[in-house]
Amino acid sequence: MKKQRPVNLDLTTISMPATAKASIFHRVTGVALFFALTFVIWAWSESLSSAEGFEFVKGLFSGFIAKFIAWGTISVLAYHLIGGIRHIIMDMGHWEELESGNFSAKVALALGVVAAILAGVWIWF
1 MKKQRPVNLD LTTISMPATA KASIFHRVTG VALFFALTFV IWAWSESLSS AEGFEFVKGL
61 FSGFIAKFIA WGTISVLAYH LIGGIRHIIM DMGHWEELES GNFSAKVALA LGVVAAILAG
121 VWIWF
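If you're matching positions, the sequence shown starts at 1 in UniProt numbering and goes up one per residue.
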């Protein structure tokens with residue numbers, strides 16, 4: 001019996017629904033938060049250690065790379081929070097149907113984009 005299974009599955013050709021994208025992005029942002037918080041915790045620790053440490057961190061945040069890291073951290077945190085609220089609402093029994101689940105996933109992704117744009121405006125302007 002010959003099995004009709006793909007030998008080399010090309011993941012770029014698979015079209016995922018919005019619910020899958022929202023769920024995967026929620027997991028990715030959780031991992032990104034874990035690593036981004038090392039920078040945040042270090043900055044808090046350094047800024048609270050002394051007046052010189054505070055001035056050092058303050059000067060560091062005037063650079064592009066630090067602002068980019070801060071923007072990324074805030075954006076990831078915002079989407080993870082939005083996705084987490086969506087998951088909590090789904091755990092309560094809402095938005096479990098196909099249509100409402102897809103709609104809530106699209107709204108969560110759109111709100112994440114809006115939050116990232118607002119974070120960028122807040123940090124750079």
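Simulated from the structure, these hints should not be mistaken for lab results.
Among the clues, some could well be false.
Derived CB-CB ranges, DEER-like [claimed, not checked]: (1) Ile117 / Trp42: 25 to 33 Å; (2) Ile123 / Ser45: 17 to 25 Å; (3) Val121 / Phe39: 54 to 62 Å; (4) Ile24 / Val121: 21 to 29 Å.
Beta carbons are placed, not taken as given, at the ideal position from N, Cα and C, and that holds for glycine.
To see whether the hints hold, each was checked on the structure:
no. : hint                       : in the structure
1   : Ile117 / Trp42: 25 to 33 Å : 27 Å, holds
2   : Ile123 / Ser45: 17 to 25 Å : 21 Å, holds
3   : Val121 / Phe39: 54 to 62 Å : 21 Å, violated
4   : Ile24 / Val121: 21 to 29 Å : 27 Å, holds
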